[in-house]
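K.L.:
Spelled out from the first residue to the last, the chains are:
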Amino acid sequence: MISKKDVEHIAKLARLSLTHNEIEKFQKELGSILDYVNKLKEVDVSDVEPTTHPFMPENIMREDEVNSLPMEKVDKLIKEIPECESRYVKVKRIL
Amino acid sequence: MSDLTTLTIVKAHEGLIKKEFSALELTKAYLDRIREEDEKIHAFLVVLEELAFSQAKEIDDLISLKKETPLLAGIPLAIKDNILIDGIKCTAASKILEDYTATYDATCIKKLKNAGAVFLGKVNLDEFAMGSSCENSAFVQTRNPHDLNRVPGGSSGGSAASVSARLSAGALGSDTGGSIRLPASFCGVVGMKPTYGRVSRYGLIAMASSLDQIGPFAKTVEDAEIIFKTICGEDSLDSTSIEREDIKREKFDIKKLRIGVPKEYFIEGMNLEVEKNIRQAIKKYEELGVKIEEVSLPHTEYAMPVYYIICASEVSSNMARYDGIRYGKRSSKGENLLDTYLNSKSEGLGDEVRRRVMLGTYVLSSGYYDAYYVRAQKIRSLIKQDFDKAFKKVDIILTPTSPCTAFSLGEKTKDPLTMYLSDVFVGAVNLAGLPAISIPCGKVDNLPVGLQLIGKPFDEKTIFEAGKIAENFQAPIMGE
Chain P
1 MISKKDVEHI
11 AKLARLSLTH
21 NEIEKFQKEL
31 GSILDYVNKL
41 KEVDVSDVEP
51 TTHPFMPENI
61 MREDEVNSLP
71 MEKVDKLIKE
81 IPECESRYVK
91 VKRIL
Chain U
96 MSDLTTLTIV
106 KAHEGLIKKE
116 FSALELTKAY
126 LDRIREEDEK
136 IHAFLVVLEE
146 LAFSQAKEID
156 DLISLKKETP
166 LLAGIPLAIK
176 DNILIDGIKC
186 TAASKILEDY
196 TATYDATCIK
206 KLKNAGAVFL
216 GKVNLDEFAM
226 GSSCENSAFV
236 QTRNPHDLNR
246 VPGGSSGGSA
256 ASVSARLSAG
266 ALGSDTGGSI
276 RLPASFCGVV
286 GMKPTYGRVS
296 RYGLIAMASS
306 LDQIGPFAKT
316 VEDAEIIFKT
326 ICGEDSLDST
336 SIEREDIKRE
346 KFDIKKLRIG
356 VPKEYFIEGM
366 NLEVEKNIRQ
376 AIKKYEELGV
386 KIEEVSLPHT
396 EYAMPVYYII
406 CASEVSSNMA
416 RYDGIRYGKR
426 SSKGENLLDT
436 YLNSKSEGLG
446 DEVRRRVMLG
456 TYVLSSGYYD
466 AYYVRAQKIR
476 SLIKQDFDKA
486 FKKVDIILTP
496 TSPCTAFSLG
506 EKTKDPLTMY
516 LSDVFVGAVN
526 LAGLPAISIP
536 CGKVDNLPVG
546 LQLIGKPFDE
556 KTIFEAGKIA
566 ENFQAPIMGE
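So the protein lines, in turn, are chains P and U.
Counting in our numbering, the first sequence runs from 1 upward without gaps.
Counting in our numbering, the second sequence runs from 96 upward without gaps.
Please note: incorrect hints may appear among the correct ones.
Quick look at which bits of chain P chain U covers, simulated, 3 or more residues with Cβ under 8 Å [unchecked claim]:
id, segment
1, 10-20
2, 23-33
3, 39-52
4, 77-86
These are computed hints drawn from the structure, not numbers from a lab.
C-beta atoms are modelled at their ideal positions from N, C-alpha and C, and glycine is treated no differently.
This is chain P alone, in the form it adopts within the complex:
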């Protein structure tokens, strides 16, 4: 079972703000999902390797080179920034 405190803690880690009602709702829903996935405890997984990519045992690497973007592409990306001041991303204060 997952406690209300757990739900608040995870929400904080995930940067989600939840209302009291939402915390209760998620507590119930996550609880029932976790009960369901606990079924996995009955499987013997000793000597089994985990799978990440089903067919590729190794990562594909490339040269660590800087590929500079053409200005027009940079402009497009900057246009998507919600708040901007002379091509800098503007954010609220941290402290």
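With chain P held as given, fit chain U onto it using these hints.
P.N.:
Then chain U, alone, in the frame of chain P:
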């Protein structure tokens, strides 16, 4: 001129090169139909009339110059709204991306553009492709063209409904745990998920990166194959994409085909009429000389729990980028940076997305990582091994796509777990990375049933060939 929207891609291509009609006329036929019918279906989030007409005109010029015309040239397609088209809004059906304009083309879009395909518009999905009914879209509820009170399936519900209602000649969707095959089954069209790595995911808004694959929807298996062959191939922009020859080189021979039927996929609680349709298809294959064998996939019952742990984990990581800083919606509320994160996410993300982010964060958090995430990845290996073993005996595996037909709007929204279980026959395929196709297989109470054919890795060819035979078992059941 007969209604051009009834034509398959193959027939439309013939008509275009014989100049029976122009690409402009073909595109106009679909746009007219969208205008008339989409008020009821709500498949489209945006219709790209201007772009579509300019693309169609280019193809008409090409044809008049008697240049070589690719099969998809001038063919009007619908694109799921989690796939980027440069300069066009891409929302993933989420409020957080409501005003986001794509800054580049997805690799599959680039390939479709090179082939001359026409983009009719962007179609609806569950928010960030999380859902099985399209009910999690932040914008509209797409309806099933066969019964407007029912869901089209999800998450690629808009793609499936658009093909089913003849609002597009074909479509792109994405499939993480059944999101192409389930809606294809519910809407009575063909939908196909390629082998993991076959199609580049560059420009697909990521949901669960080790499971996501882009794939086609179409009226026929042959049409789906044409779209698939156009979009596949290794891409330096997606390090998980792989170039590999088809594993089957020799000509397809139905008499040499061995089909496995997994006993674990005919479960209690399944709609008996659906089962009857599937059993009939098996019988018809047998009559054609196919060898039918019972196979066992013993870890089937663990596929859904494994899927939801791995999916939620990857979701929680992929969704972290929507923080209101570099793109997407930023909340104006709050005093400091943390408030910006908290408020942007709570204003921008819907319930299902937040539920999966929460679940993923929990199972990845300190103290739970090994118990949940690593254990799930290990059982993922066992699920894959089940398929490997079965494929030593058979060439393809046949199952129902879904234990039921399209459910009613609102029927499964109250309990997330019930909704998750809609994917019980499709999710394991993504965990094992296999190619699979859903093909219409008759109707039950006037609602389409889907037959799923699962292939060996990189053996799309065999499921396409076997699928072309299966689609002739039934009279066509396209939506009106």
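K.L.:
Taking the hints in turn, state whether each one holds.
P.N.:
Results for each hint:
1. 10-20: holds (count 8)
2. 23-33: With 5 residues in contact (Cβ-Cβ under 8 Å with chain U), the coverage given for the segment 23-33 of chain P holds.
3. 39-52: Holds: 10 residues of the segment 39-52 of chain P have a Cβ under 8 Å from chain U.
4. 77-86: holds (count 6)
This entry satisfies every hint, going by the numbered hints stated previously.
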